[in-house]
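**Student:** Heads up: the protein sequence lines correspond to chains A and B, in order. If you use the numbering used here, the first sequence corresponds to residues 7 to 182, in order. If you use the numbering used here, the second sequence corresponds to residues 514 to 919, in order.
Certain hints may be false.
Quick partial rundown of chain A residues pointing at chain B, CB under 8 Å, derived from the structure [unchecked claim]:
| hint | residue |
| --- | --- |
| 1 | A69 |
| 2 | G70 |
| 3 | I72 |
| 4 | M81 |
Partial pick of chain B residues on the chain A-facing surface, computed with a CB cut under 7 Å [claimed, not checked]:
| hint | residue |
| --- | --- |
| 5 | N635 |
| 6 | L639 |
| 7 | I647 |
It should be emphasised that the hints constitute simulated quantities derived from the structure, not laboratory data. Cβ coordinates follow ideal geometry from the N, Cα and C atoms, glycine included.
Residue-level listing of the chains:
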Amino acid sequence: MTPQLVIFLVLAAIAIAGAVNVILQRHPIHSAISLITVMIALAGLFLTLESEFIAAVQIIVYAGAIMVLFVFVIMLLNAGVEERTNMSRMARYAGVPLAIFLLIELAYQIGAATSSMSPQPPAEGVTRGLSMLLFRDFVFPFELTSILILIAILGALVLAQRGEGVPAKGGQEKIS
Amino acid sequence: MNEAIVRSILLVSLVKVVVLLFLVLTAVAYLVWFERKVAARIQGRWGPYRVGPHGLLQPLADGVKFLLKEDATPAGVDRFLYFAAPLLTMTLAISGIAMIPFGPVSLHIFGVATPLVVANINVGLLAIFAITSIGVYGVALAGWSSNNKYSLLGGLRSSAQMISYELSLTLSVVGILLLAGTFNLSELVTRQDGFTWGRLPQWNLLNPTFPQILGFFCYFVAAIAETNRAPFDLAEAESELVAGYHTEYSSFKFAMFFLGEYASMITVACLASVLFLGGWLSPFPRTPGMDWTLYIPAIVFAISGFALLINAVGYRNMFGRIELAVLGLVLLALSFLCTQPGVIGDVQGPFWFLAKVLFVLFVYVWVRWTLPRFRYDQLMRFGWKVLFPVALLNVVLTSLAVVMRK
Chain A
7 MTPQLVIFLV LAAIAIAGAV NVILQRHPIH SAISLITVMI ALAGLFLTLE
57 SEFIAAVQII VYAGAIMVLF VFVIMLLNAG VEERTNMSRM ARYAGVPLAI
107 FLLIELAYQI GAATSSMSPQ PPAEGVTRGL SMLLFRDFVF PFELTSILIL
157 IAILGALVLA QRGEGVPAKG GQEKIS
Chain B
514 MNEAIVRSIL LVSLVKVVVL LFLVLTAVAY LVWFERKVAA RIQGRWGPYR
564 VGPHGLLQPL ADGVKFLLKE DATPAGVDRF LYFAAPLLTM TLAISGIAMI
614 PFGPVSLHIF GVATPLVVAN INVGLLAIFA ITSIGVYGVA LAGWSSNNKY
664 SLLGGLRSSA QMISYELSLT LSVVGILLLA GTFNLSELVT RQDGFTWGRL
714 PQWNLLNPTF PQILGFFCYF VAAIAETNRA PFDLAEAESE LVAGYHTEYS
764 SFKFAMFFLG EYASMITVAC LASVLFLGGW LSPFPRTPGM DWTLYIPAIV
814 FAISGFALLI NAVGYRNMFG RIELAVLGLV LLALSFLCTQ PGVIGDVQGP
864 FWFLAKVLFV LFVYVWVRWT LPRFRYDQLM RFGWKVLFPV ALLNVVLTSL
914 AVVMRK
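Just chain B, same shape as in the assembly (with noise of 0.2 Å):
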């Protein structure tokens, strides 16, 4: 290899972190805000509203907030760590997403023709559990070094819970390792291409020799954990810990945990759309009948504008009116430029995926404000004597249907 493709590869690298990174930061940002307003649904109340249009704004007024709050760092701490601890849990939970792949098409930046993810490496899913098990460092380091009894019990519950159910989270995708054998995420995605009965897509969840149904739950349930979400949010219990490992955090470092968090839940849920659900293929087969499914992301983007559109007409203020009116707009020309020769075929795949992983997001707020928190022993007593044997029933059952194939 030349100097000069060397060259120009590491600059499209540089490109596509750049990128990402905005991406995933707004993605975070945005979250936060679906998360409020799902929850507020569930409640029975609005969410959000004051800041922009429904509360649209928000985000940046919290990220602004972060900002200028008074940045206190409690006496007694161990400062090299108490430093150290929100750095580590936001690099990590971001730098997962790394290796997550967003569609089949090839992007041409400065004439390299380049995939649509940051780092194809072949043992991808490795790369990933090895990042999220390293995470755990950053809550249980956090709660340490604040060197108060509310955090050291949260550092300490949640690296317990985060051991306990990393097992069933790894052994939950030893069944899909098993029928594809690969680690490699882009490989594993295009494995699932194919129908069952000319219908039903081949994904893992449904795949014909053994459908990962168990593996899903157990993924799931065990990524929630791994996360530190309700009902597994034992690590910042609020009514029993104040807020747990990051109660002495104020300011940045505090938003530092609270991106961190809102990130490993995105990578986790890209995660699950890419081994389970298919990643990037669409659910419907290309059969001659089926073109018309080739303009949904069209007919998506069309109706929320149109909706955005209709909203922004009768909206209480001017500013809400203006701007819900150039989102819907820019919504239909998205909706337009979709419909284009050139556009259509490479839309498909990113337009799936995130509609996968959107869908995981919802399920996984959805969880969180509907059940209660599990009790510490409860959780251990599930995570070991209910999921773990879940999972290796799994491995045992889909290595069965492997080797009956043969």
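Here chain A stands alone, though its shape is the one from the complex (with noise of 0.2 Å):
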């Protein structure tokens, strides 16, 4: 076994335990502390497939700000312990048949793909083909998927400020 494979398996197992772990715990606060770990461990593995840049940004982003937010939220509002229920008849005879064909299939797609796969920097560097992949050759869906979470962002606010009439001067201030 190389040290690149025992590296492998090792941040695999804990994004895997990590995921499962999601699922199993039953406050939310441990959930998201558990998703961060996942994330955490993908950024470890675009590590071992030599693009540090994704995987500094990978933590920046989504350990660092996105579930930051989440933690926010939960802590805010302050969100107790969920209720563990027995399967809904929905979840006994739709959900568990699905999630397994699901599983299946993604294993057999990955057993077919795996041997054919390997990784493969970019020459110039991942940062400098990254940019010019993002702004250069797909600049416009890029900047139409910001336009789309702007209008995101304006939809949400406007919901919230439903029913409070005109908002306020020095609205900004009640939302912080």
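Make the complex out of the two chains shown on their own, each in a separate frame, by following the hints.
**Tutor:** Take a look at the structure:
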């Protein structure tokens, strides 16, 4: 076993264990922490593929920004422990078979693909290659996505302020 | 690569990690002493004076006290997170320093030449930001898991504040990345070599293409907010929240938060020095007439050594007299060492780097004891309506300047 393989297996095990733990934990904060573990393990996997830039961005964006907001909201709402329910009828008769089917499909596809794929960082460096793709070749879809997100934010603001009439001057302070 | 080389590289890294860890923890302890002394001077009093001469052994006394106090765990805490939060804060705060390059020279340990940095990675800057961005969990989770309303409020405030100011922090260094075109911290420093008009160093703060003065301002303000220090210490505001997120922590768990705060101060100061103040580069050009500047480290050590010796003669107790005299002699020996031909070149980088770091740390402390705490809405308004637009403006202006130059 090469050291790379050992590192891959350890990180993969952490990622999968974290992902399972997200579902098993009963308190939202613990689920969020497990999700952060998954993100960091994924960043480690990117590192083994020689993509330091993507690994760092993965941590900064997902673990450091998005999940902080999750944790913040959970803390703000002071969400309590979930109640455990036995599986609903829908989950039992439709969910479980579908989940098993998805698992088999994924395993089949991955098993078919691994033999021919190997990591290939771009010759000019990951950061440069990625920026060339994002900001030159795919700049239109990229900007479109940002506008889409902007619209979603505006929509959320409109929904949040509905019913309070016209937001007063200094409405921002109320939110923060 | 054969096994022997790999093993010696691992060994060398291990040695560097241990040495750096020791240095950082010592530096943290004496940074606390430094802060108390500066604060005392600002407020017109003496500061620590009892334990050792001029309170020099105060950090040691504090450490022993932290270890010996009762470690109480309040009822109803979330045990796992309550224990994990201080560990997380301290570990992340300390590990950021691994990416900082201290000088241009290579050390020779066990016959392996190795640069003065533990982890010289390609995306060093991003890695430091990644580590700081995770750091918020220490504070947020400590606040939540303590099962205390003041802790929770402190944790909430802190996470909102850190999300808001992280944007400005990251944006403030984009100008530098545009100018230098690399994430590697050692390369970022070497790109700042050179002098405008033969005098003015081309550090990023005074970059001839576009001086990063706005960037430095944004970086420094956002960094103070990121490390939860006054005037942005809303997370632990004593007058409102008892002690904020660490209200329920005692003994060594509290010490970990304390260490974490000061260690991240040091990281931030090191990063400011690397990014904006030319890192290890000397502020004087290497022209023939300026050779005397090589002796500045020796002169500084000599002056402080003599000052300590003079102080030792008249000190009020025997212990102090001996300790100050020994310290003075050590400094004089250091000063002599710095004039030796083999050493004088190598000592320049670390000396200037540490001088800049010390300066930034002094400003840090100075700000804390000068400005009153922001109100929470002021904090948010300042972060989003002033700092963020200014950082954006800096990015736009710098990109314009870079394009115009080409």
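**Student:** Each hint needs a verdict: does it hold in this structure or not?
**Tutor:** A quick look at each hint next to the structure:
Because the beta carbon of A69(A) sits about 6 Å from the nearest beta carbon in chain B, less than 8 Å, this interface hint is met. The criterion of a C-beta within 8 Å of any C-beta in chain B is met by G70(A), whose closest approach is roughly 3 Å, and the hint holds. At its closest, the beta carbon of I72(A) sits 10 Å from a beta carbon of chain B; the interface hint therefore is violated under the 8 Å criterion. Nearest Cβ of chain B to the Cβ of M81(A): about 5 Å, under the 8 Å cut. The hint holds.
At about 5 Å, the closest approach between the beta carbon of N635(B) and any beta carbon in chain A falls short of 7 Å, and the interface hint on this residue holds. For the restraint placing L639(B) at the interface with chain A, the shortest Cβ-Cβ distance is roughly 4 Å, inside the 7 Å limit, so the hint holds. About 6 Å separates the beta-carbon of I647(B) from the nearest beta-carbon of chain A, less than 7 Å, and the hint is met.
The structure is inconsistent with hint 3 alone, although it conforms to all the rest.
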